[in-house]
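Asks: Take a look at the letters that make up each chain.
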Amino acid sequence: MDTKEIQRLLDYIAKSPLAEVSIETEGLKVAVKKNSEAASIVYATPAPQAAAPVAQAPAAAPAAPAAAAPAPAASDNLVTIKSPMIGTFYRAPGPEKPDFVEVGSSIEAGKPVCIIEAMKLFNEIESDVTGKIVKILVENASPVEFDQPLFLVEKA
Amino acid sequence: MNKYQAPTEFIGQQIKYLETCDSTNTLALKECLEEDIKEGFTWIADHQTQGRGQRGNTWLSKKGDNLLFSIYLKPKLQNQPHFYFSKAIACGIIEGLQVWSNERLPLQIKWPNDIYIGEQKLGGILIENQWAGSQWTHSIVGIGLNINQEEFGDLRANSLKQFLNKSEHIPREHVFHAICQSIEKYFKICQTHQFEEIETFYHDHLFRLNEWNLYQEVESNQIFDGKILQVNEQGLLLMEKQNGYKLYDLKEIIFIFP
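Listed in order, the protein sequences are those of chains A and B.
Using the UniProt record's numbering, the first residue of the first sequence is number 1, and each one after it goes up by one.
Using the UniProt record's numbering, the first residue of the second sequence is number 1, and each one after it goes up by one.
None of these hints come from the bench; they were simulated from the model.
Beta carbons: idealized from backbone N, C-alpha and C, even for Gly.
Honestly, I wouldn't trust all of these hints.
Part of the chain B face toward chain A, derived, beta carbon under 10 Å [what the hints assert, rightly or not]:
| no. | residue |
| --- | --- |
| 1 | P7 |
| 2 | T8 |
| 3 | R52 |
| 4 | Q78 |
| 5 | H82 |
| 6 | F83 |
| 7 | F85 |
| 8 | S86 |
| 9 | W131 |
| 10 | Q135 |
| 11 | W136 |
| 12 | T137 |
| 13 | L236 |
| 14 | L238 |
| 15 | P258 |
The calculated DSBU-like cross-link candidates involving lysine-lysine, where the alpha carbons are at most 35 Å apart (straight line), are [as the list claims (entries may be wrong)]:
| no. | chain 1 | residue 1 | chain 2 | residue 2 |
| --- | --- | --- | --- | --- |
| 16 | B | K185 | B | K227 |
| 17 | B | K121 | B | K3 |
| 18 | B | K166 | A | K97 |
| 19 | A | K120 | B | K166 |
With the Cβ distance kept under 8 Å, some of the chain A side facing chain B (calculated, not the full set) [what the hints assert, rightly or not]:
| no. | residue |
| --- | --- |
| 20 | E108 |
| 21 | K120 |
| 22 | I125 |
All chains should be built: construct the whole structure from the sequences, respecting the hints.
Replies: Right under this line is the structure:
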């Protein structure tokens, strides 16, 4: 992971509602915690900068889009798969079956990623995006809320 | 024409009959994506080698004795409590069995959706839904009912044949037709969101409704006297206790049988 990628990741985390993110890939481990006031101040600064060019004279415009461009790209590329209901999150189709996906798995739209069980209704959730699983945000067999992010996916 | 083909609009109209398969639900989940499969298509098996109950539980059935089938449906409950679908299917099975029997069998629904005859289990439902992201695309409703089986080992289960003390085998297709008709009725009611009708029938046939009985709370391990008041739209069990009221989720409470 190079500096640019790390910057993109931090931008994404800053904009996401997640308080804490840890990512582990081969040879790299990143853990970011976003619970202090300081953190929100740091990440709040880019916003006025990005907004400023709109009000500025056209002469300043050419420079601004170049600086602002990477941030939207980052949040566009990372998406979450959310739970469509309240229930219990299962990573495998059955107790002795292999997990649907792991961190790093490539997924296509239509590929099942988990089961959410609610009152004996077993709901197999298929991804609606194509890409790569970056992070699994919920522990197996734990309760989930409606709209809770389950997977972080880097869109292909 | 297959003798199982039901006199309905769509449920059980198209049938695939198998002597044996691993599980009708597993097969249906795979085959329902094929082109010519219409809503209501039903897979029936004489025997399942890997019949499934609730997550990981197996469902045992003697070959050729029982009704084992799975129906392909497309519920329109996107922004409604999904549990109405489960309630509607249970209502359909109960009413179908009543119509078939022409008499008032003591049929009840044990929360959340087991089919009981008296104090014994007659059948079960396994519903598997497919979601494309946040869109509920379709469901496979698996139903297993004990029709002619005579041995249940230590299980608290019974069959129609045994309960009715019949000497002859019950023709399974007759039961199947009646059930398909009633499931279709309640499924349509569910599709048009007339939930009151489902709620009334479900609670009229709810096992242990408004009776004091023994239960065990899983978290505290405590055995207590409780009275079932309602199964709410989320499917949670509302229980009156000596010291107040409490809502229970599926794995939080065990029914104690004498």
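Asks: Check each numbered hint against the structure and report the violated ones by number, ascending.
Replies: 1, 2, 14, 15, 18 and 20
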